[in-house]
Amino acid sequence: MTIFTILVALPIAGALGAILLSDRISDRWAIIIVALTVLSASLLIYATFPHKTEHLLLILPWLTLPTKLFGYLIDPLSSLMLLVITIIGFLVVLYSTEYLSPRNKDHSVTSGKNRYNFWMLLFIGSMVGIAISPNLLQLFIFWEMTTLCSWALISYNQQDAALKAGYKALLMTYLGGIFFMIALVLLFVNANSFEFPALGNLNPTLRTTVFILLALAAWAKSAQVPFYTWLPDAMEAPTPVSAYLHAAAMVKAGVYLLARVVLSSYPTLTFGNGLVIAIMALVTMFVGVFLYFFQDDLKRLLAFSTIVQLAFILFGISLGIMGSPVGFRGGVLHVACHAVAKGLLFLSVGAIAYATGTKSIRSLSGLARNMPLTAAAFMVGVFALTGIPPFSCFFS
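1 is the number of the first residue of the sequence shown in the working numbering; add one for each residue after it.
Hint data in this document are derived by calculation from the structure and do not stem from the laboratory.
No residue lacks a Cβ here, since even glycine has one placed at the ideal position from N, Cα and C.
Treat the hints with care, as some may be off.
Derived DEER-like restraints, expressed as beta-carbon distance ranges [stated by the list, open to error]:
1) 201 with 292: 41 to 51 Å
2) 368 with 209: 35 to 45 Å
3) 363 with 56: 49 to 59 Å
4) 268 with 108: 30 to 40 Å
5) 364 with 266: 39 to 49 Å
6) 111 with 70: 35 to 45 Å
7) 275 with 395: 22 to 32 Å
8) 203 with 108: 51 to 61 Å
9) 20 with 388: 24 to 34 Å
10) 111 with 357: 14 to 24 Å
11) 25 with 108: 13 to 23 Å
12) 203 with 25: 50 to 60 Å
13) 289 with 55: 42 to 52 Å
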């Protein structure tokens, strides 16, 4: 329980500390806080894996519920998510210390790092809260916190395009939060519970309704059709933000929600439920791939790639609903494999923009000669993302 408290409280308390410090000290503070968060997550996973550990701490006295509401749940699914969130979060925070500097030719930063570190640490804490939530109510609270943090981080440089992109992301992902909230109300009124398995206690029509509402919330968060347009526009954010929020963390919250619901309620979900998720995933794949061919900005290209890769994950989850455990496991494994590969690609593009001042494909040439290490890293990311063995996405 002590490790759990540290795991959640550390990045949130660290965020409050970061905003009070100077930019340089704030950078060092953020690195230390996230490193300790990685250590706490690793110790918690080591102590519990592969078993399931659930501990409920608090109760709302005005609700007549048989169980407590707030606590933590550690199982293989949350362990996978925790490792992705904390390890990639640490690497991105470390990368940001130099990327957000006056030496960056793409967008020079001379101040405001403490504000950046505040929102980044708060976001990491919110994502940790999502990963270990033992019920839908706690997950919803942290879900909405990530929405707020993403708005602030996308709008970080405060230019017109970034402010518009941040506002668009806020509205579209908040719309998903409304669907989530309606699902919560329906679940509590009819099942007197916020537990993940409570979905199975509803009658078939209401169960399908709540499941579709949760799917809509997931589609909005994970930038799936018809909500996908916010993600390419969000590439106005600093590249480390894109690498973390839009490859490894925020966009994975939606697929994690559906994976958690399916894992808890699989016997009661129907083939039709899975078919809806599969069809929307296929539509998203075709739309995303079609729009690849109109992109000149490297980050926008990677954004459409992320949309398609998230659809792959949702397709795997839909196969699980329709009776394929292997499909479900492949989709869940792809959460981690894609995060590593896409994070590498985003950070490589960040290095290119840092050195050249542009992300325009037609304006770039000779990178393999002038930036051999970055070019090699980019190619590793490409091979991984396209499933070339022995790189990550081959396995998922």
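A quick look at each hint next to the structure:
1. 201 with 292: 41 to 51 Å: Cβ of residue 201 to Cβ of residue 292: about 43 Å, so the range 41 to 51 Å holds.
2. 368 with 209: 35 to 45 Å: Violated, at about 53 Å.
3. 363 with 56: 49 to 59 Å: holds (55 Å)
4. 268 with 108: 30 to 40 Å: violated (55 Å)
5. 364 with 266: 39 to 49 Å: holds (47 Å)
6. 111 with 70: 35 to 45 Å: holds (38 Å)
7. 275 with 395: 22 to 32 Å: This hint holds: roughly 27 Å between Cβ atoms.
8. 203 with 108: 51 to 61 Å: holds (59 Å)
9. 20 with 388: 24 to 34 Å: violated (46 Å)
10. 111 with 357: 14 to 24 Å: holds (20 Å)
11. 25 with 108: 13 to 23 Å: Since residue 25 and residue 108 have Cβ atoms about 21 Å apart, the given range 13 to 23 Å holds.
12. 203 with 25: 50 to 60 Å: holds (57 Å)
13. 289 with 55: 42 to 52 Å: holds (44 Å)
The structure shown violates the earlier hints numbered 2, 4, 9.
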